[in-house]
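Protein chains in written order, with this note's numbering: chain A, 1 to 253; chain B, 1 to 307.
Since the hints were derived computationally from the structure, they do not count as laboratory data.
Each residue gets a CB set at the ideal place from its N, CA and C atoms; glycine is no exception.
Among the hints, erroneous ones may be present.
What the hints assert, rightly or not - Straight-line distance between alpha carbons at most 20 angstroms, and here's what the computed EDC-like set of lysine to aspartate or glutamate pairs gives: (1) K19/A to E96/B; (2) K21/B to D253/A; (3) K250/A to E85/B; (4) K250/A to D57/B; (5) K84/A to D57/B; (6) K278/B to D255/B.
To be verified - What follows is a set of in silico ranges between Cβ atoms, one per label pair, in the way DEER data are often shown: (7) G164/B to K250/A: 58 to 68 angstroms; (8) E162/A to Q84/B: 12 to 22 angstroms; (9) D67/B to S239/A: 49 to 59 angstroms.
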Amino acid sequence: MNWLGFRTLFIKETMRFTKVYLQTLFAPMITALLYLLIFAQVLEGRMDVLGDFSYTAFLIPGLVMMAVIQNSFANSSSSLIQSKVTGNLIFVMVTPLSYLEIYLAFTLAAVLRGILVGLSVYIVALFFVQLPLFNIFYIIIFVLMSSAVLGTLGVIAGIWAEKFDQLAGFTNFIIMPLSFLSGVFYSIHSLPPLWQTLSHFNPFFYMIDGFRYGFFGTSDVNPLFSLGVVATFLVGLASFTLYLLHSGYKIRD
Amino acid sequence: MSIAISVKHIHKTFFSVEALKGINLEIKQGEFFGLLGPNGAGKSTLLNIMSGLTRADSGNIAILGHDVVTDYRSARLNLGIVPQELVFDPFFTVREVLKIQAGYFGLDHRCNAWIDELIEALMLSDKTNTNMRALSGGMKRRVLIAQALVHKPPVVVLDEPTAGVDVELRKSLWVFIKKLHREGHTILLTTHYLEEAESLCERIAILNHGKIVALDHTTTLLDQGVGNQRSATLFFTETPPPLSQDITSLISKQDRLSITVEFDLSRITLPVLLEQLKKQGCKVRDIQTEQIDLEDIFIDTIQRNKP
């Protein structure tokens, strides 16, 4: 393992988003808080949520996880597509870094950005409402694994896309709908049966449901089952990404 | 002397186009080697296979004995490659870029002194904290060279390092590359310029349509007469009178007030040519000599020598 090389790529990927922190950290935090203000204002008392918690309290973990999901994905995908389009990906490709080291560095930087945005949304939201904390283990494990899944999906999208509009398509037709329809704003128990069933095919639903369990101790499905689903996705997508990198798909002729 | 770059039976096809048709080549350690060929000949493809950016369909390349696929870590540690295109990472400054590149190769802050040396040698001292975006083309080219050398590779590959570079920078790059060579680096260079290949390369290979069509010492190739070809455009103050047969036979292009002539120095020199034109009543206002494209001449020579 080229530890120093891996560490350098991870630091470089981190510097890449911290250098433009207004866009990569503050803007998504403000967006999440706008959702909080508007949805909490309009829907408080009108939504059927889990247990006896207020809708605003219910909403916050969902918004935090949505911020984690979207920003982890954005980090690795935008970095890769920019490097590909501008051609500077070769600086990484001609080095003694292995596929695993490249994958891990891109994904971990995505995890870090997801956590930073998620944490900032959480901290600011605490000014608005008291939030219980049932089991921090679930909170941490779901944040880590979900951001890793999305960081990995970002690597896949970044490798696959050849143009910015293809990546925008991936973001807007896959990531955004799946995250909005995952139960950020509602408990799936309040949905008609068909939509409830369909929601169970959405991997993001398990991320948010398991994460919420860490705060409230109650969830739509068993959190260990959710953990299993997210872990399976992570292993499957990571293996697929390593295969893509190894095959040279769209990055080596 | 051991082999720095060994290329064996390299084949590469892109879709239906056969870019490389079984390339064999050995470049010795410490050698200054020139790879020439027209655009699309397969030069960059070959270099990309060396650096791992492209995969060969068959055959193998080794850098100092390390296979570029099966032993890529060692191969890449020994190889520094300067790409042809001016690529850069717009997020970072010159010093950041160099430190990051060194880090990829497993080098920590202990290589800072070497980075300073590179910055100094490539005349980037006043740009170290400038963002890559703000650099001129020539400056970006120098950073690319520094990036390729940051891990002190014994084998350095430069893909047209002087393409689109002004004369002054070209000369300073030559001085720098010669210094690298004197210090023991093996240099593989692709170029379009006769002057460059003549003054730098000890041996030359010419690639055309994915095949090596000539491979020899530069002096041997030049002795075949290819270095005597000259081209000049002569501008007149008034339309010249009809010219004699021995001059019109040299003309490759003619306008009302100018002619372009191509000639062989062993047959006629420019002063003699000017004298003859004067005798025939031409009033020459200006002369413009042109850099001859080396591989054009070589390929021309090769084609002429075909049975």
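Against the structure, the hints:
1. K19/A to E96/B: Between K19/A and E96/B the Cα gap is close to 13 angstroms, so the pair holds against 20 angstroms.
2. K21/B to D253/A: holds (16 angstroms)
3. K250/A to E85/B: OK: K250/A and E85/B at ~19 angstroms, within 20 angstroms.
4. K250/A to D57/B: Within the cut-off at roughly 16 angstroms; holds.
5. K84/A to D57/B: violated (23 angstroms)
6. K278/B to D255/B: Cα-Cα ~18 angstroms, so holds.
7. G164/B to K250/A: 58 to 68 angstroms: Because 28 angstroms falls outside the window, the suggested range is violated.
8. E162/A to Q84/B: 12 to 22 angstroms: holds (21 angstroms)
9. D67/B to S239/A: 49 to 59 angstroms: violated (26 angstroms)
Checked against the numbered hints given earlier, this structure breaks hints 5, 7 and 9; the rest are met.
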